Amino acid sequence: MKKTTIILTVSLILIICSIGAYLYIFHKPHKNTFNLKAEHTISASELFSAYEEDEDKANAKYLGTIIQVEGEIIKIKNLSGSYEISFIDELFGVTCMLDSVYAVQQKEEINKLKVGKNIKIKGQCNGYLTDVKLDRCVVATK
Amino acid sequence: MKKYIIAILSMTLFSLNILSQQVYIAKNGNINFISETSIENISAKNNQVVSFLKTKKGEINFGVLIKSFKFKNALMEEHFNENYMESDKFPKAKLNGHITNIKDINFGKEGIYSGIIEGKLNIHGISHEINATAQIEVLDKNIAASSTITVKPEDYNIEIPDLVKDKIAETITIKIDIIYEPYEK
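Which chain is which? The protein sequence lines are A and B, in order. The opening position of the first sequence corresponds to residue 5 in our numbering, with each subsequent residue numbered one higher. The opening position of the second sequence corresponds to residue 40 in our numbering, with each subsequent residue numbered one higher.
In short, the hints are calculated from the structure, not lab data. Don't take every hint at face value.
Unchecked claim - Now the stretches of chain A that chain B is said to cover, found in silico as 3 or more residues with beta-carbon under 8 Å: (1) 21-31; (2) 62-71; (3) 94-102; (4) 132-142.
These numbers come from a predicted model, not from an experiment. Note that beta-carbon positions come from the ideal geometry of N, C-alpha and C, so glycine has one too.
Full structure from sequences and hints, please.
And the structure:
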């Protein structure tokens, strides 16, 4: 009688653990930019120049990394809840996407954003088209 | 370098203007892709697509960053980037094409037109000629274009392991939705 209880308990624990592992592996959440440490802290113009001079070299250093970029806002676009902030130039500059998931958590910071204002933005570097693109961005408060 | 690019670009644009060549750009074009199988439907969205449209000659270009494709499932996004698209090695996809029936489209008159696009699609470092039909809507100021194309991962040397082969469609549907604005500089 006791043995069956132990076997039952052990198998129950195993089942719970494997369901937990399955959920963790297959349904792990996206990384939260708020909790990620910037691997590079750089000005928007430095970042853009690095890409303009040598895209491959810049990709080797920055692609896929979390960057904190600082610059003067030249344009703010509201794209159905997400905000796109441009530095330097709309087409030839650095573009940061503040995705709606983060934007709703930073209403206060976003309301304060203005063209001409200097800000710091933290996000993932996706690469270079005519501009350097970052997404999953948040307004950096530090 | 930047100054040169801008100088060359503005010169080109200037001369194009003389020829009444209009350049339209889109910075936030949408590309979604969908993989449908009986087991699972997988989709991803990208709203950072850059596209240029030159209405006189009908030239059309797209630039897409692979890392800008967003999945609901974080693990799928990771596999997509690391295992299938190898986005560290091949960070972007490109389409350079032209509208072959440009004569049928009056960019000066509002309306809905059907365009035939031929071009070279580069994904995962491999190029293939493709053609597609697009719906082109000429609006008051802007131009809206949409199209659906299909792509086979194996044509672009994208290897899908046997383990997940049943879950990923052999043909991926790609939906393109772009709103162009006139480029003024």
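Hints, verified against the model:
no., hint, verdict
1, 21-31, "holds (count 3)"
2, 62-71, "holds (count 3)"
3, 94-102, "holds (count 5)"
4, 132-142, "holds (count 6)"
The structure meets every hint from the earlier list without exception.
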